[in-house]
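Asks: Protein sequences, first through last, are from chains A and B. Number 438 marks the last residue of the first sequence (the numbering used here); no jumps. Number 254 marks the last residue of the second sequence (the numbering used here); no jumps.
To be clear, the hints were calculated from the coordinates, so they are not data collected in a lab. Don't take every hint at face value.
Unchecked claim - Computed spacing ranges between beta-carbons, pair by pair: (1) A:Arg-435 <-> B:Glu-222: 30 to 40 Å; (2) A:Pro-402 <-> B:Glu-156: 34 to 44 Å; (3) A:Lys-431 <-> B:Trp-221: 55 to 65 Å; (4) A:Arg-432 <-> B:Ile-186: 35 to 45 Å; (5) B:Leu-67 <-> A:Arg-435: 53 to 63 Å.
The beta-carbon is built from N, C-alpha and C at its ideal position, and this holds for glycine as well.
So you can see what is in the structure, the chains are spelled out below.
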Amino acid sequence: MKEISLVDLENRFQKKVDSEIRIEPNDWMPEEYRRTLIRQISQHAHSEVVGMLPEGNWITRAPNLRRKAVLLAKVQDEAGHGLYLYSAVETLGADREQTIDDLHSGKAKYSSIFNYPTPTWADMGAIGWLVDGAAIMNQVPLCRCSYGPYARAMVRVCKEESFHQRQGFEIMTVLAQGTPEQKAMAQDALDRFWWPALMMFGPNDDESKHSKQSMKWKIKRFSNDDLRQQFVDVTVPQAKLIGLTIPDPDLKWNEKTGHYEFGEINWDEFWQVVEGNGPCNFDRIKARKDAKEKGMWVRKAASAHAAKRAARKTA
Amino acid sequence: MNSLFEYLLRIGDDSLILGQRLSELCGHGPILEEDIATTNISLDLIGQATNLLTYAAEVENLGRDADNLAFMRIDREYKNVVLVEQPNGDFGDTMMRQFLFDAFRKLFFERLQQSKDFQLAAIAEKSLKETRYHLKHSSEWVIRLGDGTEESHSRVQHSLNTLWRYRAELFFMDEVDNELINKGIAVDLKTFRNEYDSFVSTILNEATLNPPAQNWEFGSGRKGKHSEHLGHLLAEMQYMQRTYPNMEW
Numbered sequence: 124m125k126e127i128s129l130v131d132l133e134n135r136f137q138k139k140v141d142s143e144i145r146i147e148p149n150d151w152m153p154e155e156y157r158r159t160l161i162r163q164i165s166q167h168a169h170s171e172v173v174g175m176l177p178e179g180n181w182i183t184r185a186p187n188l189r190r191k192a193v194l195l196a197k198v199q200d201e202a203g204h205g206l207y208l209y210s211a212v213e214t215l216g217a218d219r220e221q222t223i224d225d226l227h228s229g230k231a232k233y234s235s236i237f238n239y240p241t242p243t244w245a246d247m248g249a250i251g252w253l254v255d256g257a258a259i260m261n262q263v264p265l266c267r268c269s270y271g272p273y274a275r276a277m278v279r280v281c282k283e284e285s286f287h288q289r290q291g292f293e294i295m296t297v298l299a300q301g302t303p304e305q306k307a308m309a310q311d312a313l314d315r316f317w318w319p320a321l322m323m324f325g326p327n328d329d330e331s332k333h334s335k336q337s338m339k340w341k342i343k344r345f346s347n348d349d350l351r352q353q354f355v356d357v358t359v360p361q362a363k364l365i366g367l368t369i370p371d372p373d374l375k376w377n378e379k380t381g382h383y384e385f386g387e388i389n390w391d392e393f394w395q396v397v398e399g400n401g402p403c404n405f406d407r408i409k410a411r412k413d414a415k416e417k418g419m420w421v422r423k424a425a426s427a428h429a430a431k432r433a434a435r436k437t438a
Numbered sequence: 006m007n008s009l010f011e012y013l014l015r016i017g018d019d020s021l022i023l024g025q026r027l028s029e030l031c032g033h034g035p036i037l038e039e040d041i042a043t044t045n046i047s048l049d050l051i052g053q054a055t056n057l058l059t060y061a062a063e064v065e066n067l068g069r070d071a072d073n074l075a076f077m078r079i080d081r082e083y084k085n086v087v088l089v090e091q092p093n094g095d096f097g098d099t100m101m102r103q104f105l106f107d108a109f110r111k112l113f114f115e116r117l118q119q120s121k122d123f124q125l126a127a128i129a130e131k132s133l134k135e136t137r138y139h140l141k142h143s144s145e146w147v148i149r150l151g152d153g154t155e156e157s158h159s160r161v162q163h164s165l166n167t168l169w170r171y172r173a174e175l176f177f178m179d180e181v182d183n184e185l186i187n188k189g190i191a192v193d194l195k196t197f198r199n200e201y202d203s204f205v206s207t208i209l210n211e212a213t214l215n216p217p218a219q220n221w222e223f224g225s226g227r228k229g230k231h232s233e234h235l236g237h238l239l240a241e242m243q244y245m246q247r248t249y250p251n252m253e254w
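Could you build the full structure based on these sequences and the hints that come with them?
Replies: The following block contains the structure:
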């Protein structure tokens, strides 16, 4: 049998990617492509699961029955997204438990935005509106990602994210039209979440170390800065519509480019939070570790019981 | 006293308080699949509470709505059984509490579907579909934990020992029930007590668990007398409505 060289395999792979043919789990793929996807998808999964915590913080205190039900449904969706994504990671040969251990050890990252606290109810609005809004900008192009299982998971995830974004904006709208106290609560949440939301798109293009290769492999379709700009352009008019002020004195509309210009992002803060020094990094990871440790006896019991059942069946 | 209003509060508050308890666990489950399940059960219960309290407010006809009833009563005015306000404890406590409750609820809703009050019958029919899943889930976990490892067996046996005394209150009846039973609206709980005991004992048996010998039964939640735990639960649940009264959210 004729040996196919690595270069040939890589060329064929790239040709498939270039002609928009999806890569499936059993197809040959470069090791680096596999590693990149494992890193990206598992970090995406971790973000969904850690992301349950800042919102879970308000389920027990939601102000009325409808809001409580909606928030429960939303956080449940996030757990579901985590589950699809961990399954997508497994199609690449990675082990779900290992990726979770990497999260707990600090080796694997997750979206930094979840390291900011949610002290008020308005934060549920700000997270839905801004954080899920930014997530949609990032994830809609992922529906066309070259890796099939990830792309298909994203189609469903995006549908649900779009509901999350709308419920967040609705919370903000109600607050902004409410009493002065409520309006102040909404503005305060926007003030705290605006900049971290812009940071969600990652470093500027010239600082982003994985971007170029990911674009070539069609894992990524748009650059960080392009997505960030798109987010600003969409979100600024929404804030105006409900009478809230974007906390950026440099923000202005550029007639010529048809885009908003905005101020400098505090990248020192971004990297500090990525490195584990954000306001809630410690609490978030501790909550996840505690859940794993406290649940150990439950998982052991489930395995032991399954083994007993199997043994009884064959006996 | 408006008996139908009182009856609706009893059923609705069971759903509300247990839904609230389960929602505390969101994001902290022993495995991601269980986080989804627990959140989903909590969501079902909050949905049931919404339907029942909306109807209660309508029956009461004093200008209150479901949110008013859910968030603005004092502890004595909540009519849930003491079982559902018990803290989540460990996963064994949570599942045992759920199992003892679900087993009751399934049999109860099966009968409440026949109520001559069409609104109540419709709520029961919808809630029964959900409750069947809840019971399947909690029964399976009781069996897994009971017949799992030595540790899980001893933990969930302890859960059973502490929660067992609260189950009898599920069958509490007084003049509220009697009046509505006569009208064909309420369920006579005596009619399925044996079936409940026998179902519970079958599952416990499969789980290799033994009910404690002590049969002292108490609980007076239906009369508004609660354990110390309810006040804390309400303080958290009512925080927004109490801090910012009369606002739209």
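Asks: For every hint, state whether the structure bears it out.
Replies: Status of the hints after comparison with the structure:
1. Taken as a hint, the range 30 to 40 Å holds for the pair A:Arg-435 and B:Glu-222, whose Cβ atoms sit roughly 36 Å apart.
2. For A:Pro-402 and B:Glu-156, the hinted distance range of 34 to 44 Å is satisfied, since their beta carbons lie about 37 Å from each other.
3. Separation of A:Lys-431 from B:Trp-221 is about 34 Å and departs from the stated range, judged on CB atoms against 55 to 65 Å.
4. Taken as a hint, the range 35 to 45 Å holds for the pair A:Arg-432 and B:Ile-186, whose Cβ atoms sit roughly 43 Å apart.
5. Between B:Leu-67 and A:Arg-435 the beta carbons are some 58 Å apart, a value that agrees with the proposed interval 53 to 63 Å.
Of the numbered hints listed earlier, the single one contradicted by the structure is hint 3.
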